[in-house]
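Those protein sequence lines, which keep their order, are chains A and B. Read in order, the letters of the first sequence are residues 0 to 375 in numbering that gives the first Met the number 0. Read in order, the letters of the second sequence are residues 0 to 376 in numbering that gives the first Met the number 0.
Hints are computed from structural coordinates only; laboratory data are not their basis. Don't be surprised by glycine CBs; every beta carbon is placed ideally from N, CA and C. Each hint should be verified, as a subset may be incorrect.
[Said to hold, decoys possible] Pairwise CB distance ranges, derived in the manner of DEER restraints:
{"hint": "1", "chain 1": "A", "residue 1": "Lys193", "chain 2": "B", "residue 2": "Gly372", "range": "40 to 48 angstroms"}
{"hint": "2", "chain 1": "A", "residue 1": "Phe265", "chain 2": "B", "residue 2": "Glu30", "range": "55 to 63 angstroms"}
{"hint": "3", "chain 1": "A", "residue 1": "Pro227", "chain 2": "B", "residue 2": "Pro6", "range": "26 to 34 angstroms"}
{"hint": "4", "chain 1": "B", "residue 1": "Thr352", "chain 2": "A", "residue 2": "Lys193", "range": "52 to 60 angstroms"}
{"hint": "5", "chain 1": "B", "residue 1": "Gly351", "chain 2": "A", "residue 2": "Gln257", "range": "36 to 44 angstroms"}
{"hint": "6", "chain 1": "B", "residue 1": "Gly351", "chain 2": "A", "residue 2": "Ser133", "range": "45 to 53 angstroms"}
{"hint": "7", "chain 1": "B", "residue 1": "Arg369", "chain 2": "A", "residue 2": "Pro227", "range": "42 to 50 angstroms"}
{"hint": "8", "chain 1": "A", "residue 1": "Glu41", "chain 2": "B", "residue 2": "Thr352", "range": "42 to 50 angstroms"}
{"hint": "9", "chain 1": "B", "residue 1": "Arg344", "chain 2": "A", "residue 2": "Leu371", "range": "27 to 35 angstroms"}
{"hint": "10", "chain 1": "A", "residue 1": "Gly373", "chain 2": "B", "residue 2": "Pro6", "range": "47 to 55 angstroms"}
{"hint": "11", "chain 1": "A", "residue 1": "Leu371", "chain 2": "B", "residue 2": "Gln103", "range": "32 to 40 angstroms"}
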Amino acid sequence: MNFGFTEEQQFLRDSVRKFLDERASIPHVRNWIESDPGMSLEFWRELAELGWLGLTIPETHGGAGLGWVELTVLFEETGRSLLPSPLLSTTLASTAILDHGTPDQRSRWLPSLADGSRVGSIAILEPSDHLVPSALQARGEADGSHWRIHGEKSFICDIDRADFFVTAFRTGENDEEISLAIVDRGAPGVHTEKVPCLDSTKSMGRLKLDGVQIAPEAMLGAPHQAWPAVERLMDQGAVAATAEAVGSAEAVLAITVQYAKDRVQFGQPIGHFQGVKHPLAEMHVDIESIKSLLYYAAWSLEGSPAETPRYSSLAKLYASDAFTRIGVDCVQLHGAVGYTMEYDAQLYLKRSKWFRPMFGDADHHADRLAALRGLR
Amino acid sequence: MNFDLSPDETAFRSEVRRFLDKHLPDDASHEDPDFLESWHAALREKRWIGFAWPEEDGGAAGTLMEQFILKQEMATRNAPPLGSDFMGLTWVGPALIAHGTPEQKARFLPDLLAGTSSWCTGYSEPDHGSDLASLQCRAVLEGDEYRVTGQKIWTTLAHEAKWIYMMVRTDPDARKYRGITCLLVPMNSPGIEVRPIPNLSGVTSFNQVFFDNVRVPVDNRLGEEGQGWLVTMAALANERIGISESTEKSDHLDRLIELARTAQRKGKPASADPTVRRRLARFEARIEAMRLNELRHLSARLEGSAPSSETSLNKLLRGELEFEMSELSLEILGTAGLEEGPWQRAALNWHGTIIGGGSPNIQRNIVAERILGLPKD
Ligand SMILES: Cc1cc2nc3c(=O)[nH]c(=O)nc-3n(C[C@H](O)[C@H](O)[C@H](O)COP(=O)(O)OP(=O)(O)OC[C@H]3O[C@@H](n4cnc5c(N)ncnc54)[C@H](O)[C@@H]3O)c2cc1C
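Bound conformation, chain A alone (with noise of 0.2 angstroms):
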């Protein structure tokens, strides 16, 4: 049993902090999010030489054949610097396409995945935005060996760069009766519509399917079957969005530290003063813990996969409670200048709200941890 990094893990961590702080410091995040197309598309190649869109790809797929553990790393230092960029959502699609394709579909897809030429995201959600099987209403109707997709599905991540969407539908009447299949953008019957996201380093639309025909070869997994994968795909969102979400805070953290030790008030600190410094101290309890419930739900990811719904939701539980309060308790320490789009803090409370509901808010995992438990 052991908690700590590996020595390449922290040499993964190490180098990828470097690479961000020189290339996507907040200067070059402010700039990607004021510019239209925003990050470039070199740089975006340059993220997949690094290796990073394919960490958990196979590297005879093109990948480089690290696990979750990894990827929470990665996660937490692209937090950290609020890269505006589909990793996470191009992540969880080849995630998908790798855990639950065919040998075909991996070989089709996932060398593309991780050399950057495609970008993929998922599209699970529907405008109720509750995460029960119920509530996916987009259905598929049998065509011959095809599918007919007619729906509407909603909060979907990087809706302006993904070329195709890992897509959810109802193909049964019972409940769970929920196929997954891999949606091409440029299919007939695609409408995408980008909606303005309060956190503008984050990107988020709407997809509307007007009896988009999937072949065989796009379903993932089996037919009617897919709700366990959709859980699964969730629970490796949270996973995720909470790492992401450590780093994001523990910048936010710093940042307001820093800020605590330098502005002086009555001719001290105000970092001198409890009122000041006791929810920075609660602020790192917070994140510690977290990190603490993350590191476990990621290892269970492949190491007990039997664990990793309930980990991934004490995980996401604590931190969409911790970091709503850390990114609102941020901007509130620094006075006025927290408040002006001037200053950094705004960026980091922005991004503890888009964290706040994605992947099952609060009451959400809550719901679910007391069912674990038997309680309903």
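Following the hints, complete the assembly by docking chain B with the ligand onto the known chain A.
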């Protein structure tokens, strides 16, 4: 990052389970003195009291991970504690191992492990609580004896203990931290008077202790003169670990969930209310975070770091948790919570445990100042 048990750890866990099968009958009562005696004898034979202590000090030289496994398994089966002298085993013993002379170790450790000595801790004084380093209880060296005069207060179990591990001021002119020394003093020494103080539940758990020219041989000094603060920093960290163990909170949560399932609120079990279930889930998240924080800190210690400020994290988590859990139990019980019972006792006792070992504000100061580097008060 690997939470699988190693083959050795798995073997050790099986050994613990076999031990429990053999020595912990389902109907064992933690109050039954005969059972407790045979339980402690069996533990001693295994050297599982003082499990992680070096062999030459009477321990089993168990690894920290094995110790974690041992405690988890014991807790899962609701076993009585590993040894009866909590303070002695949790911080006095480790302080002796770290700072004691060979003679002192030989003199104190065997009794500690056998449970025949019992220890209390003399830090706080009437005018010196949170600001512990300003303590004034005076010890003056005369020949090969110290003469101790002054007071200690809130001394848990002083009315039962045979020994007190205490901090005294030996040099009033040295800087605050430098003038402090640790002494190990028999409670039956002439000149010691103990006055019990009932707590708000009416129970006597702590005391005021008066020292009037108490003679303490210089051999009973732990560490060098003036090194008492150093000795005690580690002891305080061990205390925070000892009083913030997650196993105790998981047990508390199990009982609370049982209460929520069975107690009726407005004609339905309390657990039918989704807000109750969500509060329970949030407790679970924090308790599991405490457990994994413990494990993470242990992993860091395997790399060589000693327990220190990070132990304040779980002390803070525990304090808030215990409060919120107690509040929920009383809310669920409603008026029935006014009738004498374990939930009521737990809710009242919280007011002591939140302060003992250092108040939450002091823990926040430790985190803010020593970990985040913010200015000192
Ligand atoms: C159940 C129990 C068992 C105990 N057992 C022992 C024992 O065995 N041996 C022993 O030596 N002591 C023991 N204590 C004493 C305990 O360590 C002290 O009570 C504790 O350190 C606080 O000191 P105090 O009571 O003098 O409170 P004070 O230090 O006077 O504090 C009063 C209030 O002021 C706050 N405060 C103080 N300083 C600051 C600051 N700098 N910033 C912000 N807030 C501050 C505190 O948080 C507290 O709320 C025990 C206490 C309890 C309740």
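To see whether the hints hold, each was checked on the structure:
In this structure, Lys193(A) and Gly372(B) meet the distance hint of 40 to 48 angstroms, their C-beta atoms being roughly 43 angstroms apart. With their beta carbons about 56 angstroms apart, Phe265(A) and Glu30(B) fall inside the hinted range of 55 to 63 angstroms. Between Pro227(A) and Pro6(B) the CB atoms are about 32 angstroms apart, so this pair conforms to the stated range of 26 to 34 angstroms. A hinted range of 52 to 60 angstroms for the beta carbons of Thr352(B) and Lys193(A) is consistent with their spacing of about 53 angstroms.
Taking 36 to 44 angstroms as the suggested C-beta distance range, the pair Gly351(B) and Gln257(A) conforms, at roughly 38 angstroms. For the pair Gly351(B) and Ser133(A), the supplied restraint of 45 to 53 angstroms holds, since their beta-carbon distance comes to about 49 angstroms. Separation of Arg369(B) from Pro227(A) is about 46 angstroms and conforms to the stated range, judged on CB atoms against 42 to 50 angstroms. At roughly 59 angstroms, the beta-carbon separation of Glu41(A) and Thr352(B) lies outside the given 42 to 50 angstroms, and the hint is violated.
Roughly 30 angstroms separates the CB atoms of Arg344(B) and Leu371(A), a value that falls within the hinted 27 to 35 angstroms. Taken as a hint, the range 47 to 55 angstroms is violated for the pair Gly373(A) and Pro6(B), whose Cβ atoms sit roughly 34 angstroms apart. In this structure the hint that Leu371(A) and Gln103(B) lie 32 to 40 angstroms apart at CB is violated, the actual value being about 51 angstroms.
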